[in-house]
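Here are the chains, one letter per residue:
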Amino acid sequence: MKKRFNPIKDKSSEIINFLMASPDMPSDEALRFKLQLSIEEAVENVVRYAYDGGIGWLEAGTNLDHDSLLLTIELRDAGIPFNPLEQPEPDITAKAEDRDIGGLGIYLCKKLMDTISYRYEDGNNILTMTKKIENS
Amino acid sequence: MEVIINKQLEKTLVEVKGRIDTTNAEQFQHDLMPLMEGGPKDIDIDCSGLEYTSSQGLRTFLMLQKSVNAKGGQMVLRHMNPMVKEVFDITGFSNIITIL
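Chains A and B, in that order, give the protein sequences.
Take any residue in the first sequence, note its place counting from 1, add 458, and you have its number in this note's numbering.
Take any residue in the second sequence, note its place counting from 1, add 526, and you have its number in this note's numbering.
It is worth saying that the hints were derived from the structure and are not from the lab.
Take the hints with a grain of salt, since some may be wrong.
Simulated crosslink set (BS3-like; lysine-lysine; CA at most 25 Å straight-line) [said to hold, decoys possible]:
#	chain 1	residue 1	chain 2	residue 2
1	A	K460	A	K590
2	B	K537	A	K492
3	A	K553	A	K569
4	A	K569	A	K589
5	A	K553	B	K611
6	A	K568	B	K537
Part of the chain B face toward chain A, derived, beta carbon under 7 Å [as the list claims (entries may be wrong)]:
#	residue
7	L588
8	K592
9	S593
10	I616
Chain A regions said to be covered by chain B (calculated; three or more residues, Cβ under 8 Å) [stated by the list, open to error]:
#	stretch
11	469-482
12	493-500
13	550-558
14	561-572
Even for Gly, the Cβ is constructed at its ideal location relative to N, Cα and C.
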């Protein structure tokens with residue numbers, strides 16, 4: 459299922475809740491925690507940074523392949539072309555004083571999901587994240 | 527999300543409950559500001575009621591840790607649930623924040 463949200467300014471929680479309520483989502487609590495956190499970080503990236511002033515749309519969708527139990531979450535927007543996967547990764551071994559606060563969100567997505575990929579197509583940023591959900 | 531601050535002579539006891547997410551991360555930062563401004567330099571945070579935190583919540587914990595370090599104090603986070611602990615582990619925050 460998918461839905462286009464327009465405009466998206468201040469709509470992060472509505473978009474996150476829409477995705478989390480999808481029938482494709484697992485019921486396992488620990489898995490939902492990881493999915494919600496990944497979704498929140500990815501959606502926030504678009505809502506905060508994709509459009510000047512947050513005026514624009516975001517299409518959010520889920521798909522579950524019932525044979526492989528592979529869950530796919532896709533976010534699409536027509537904002538400023540931006541590949542979040544090219545952001546430098548945070549130095550997770552740095553001392554508190556040296557820790558930079560940037561890049562944490564997308565780093566969490568990379569760690570919590572099985573795969574994450576980005577492409578720019580027909581003027582759209584498309585972020586795709588997948589997670590195998592065997593235990594739910 | 528709820529933050530309860532109990533300043534004592536020796537240290538400040540804090541309870542963090544609920545979810546820190548996009549709807550209230552700014553409020554969470556605001557709620558912790560008094561800890562960064564003054565009071566005892568040691569902080570003890572009970573996280574048993576903390577159900578979820580996004581990276582925005584992590585950033586606030588990092589700000590607080592930096593403020594405690596600058597004062598030469600100690601901060602501990604206690605009773606964190608395993609799912610929240612994993613977020614601190616993955617991001618390396620467990621290395622810079624004491625979690626008991």
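Item to complete: Identify every previously stated hint that the structure contradicts and give their numbers, smallest first.
Response: Violated hints: 2, 6 and 9; rest satisfied.
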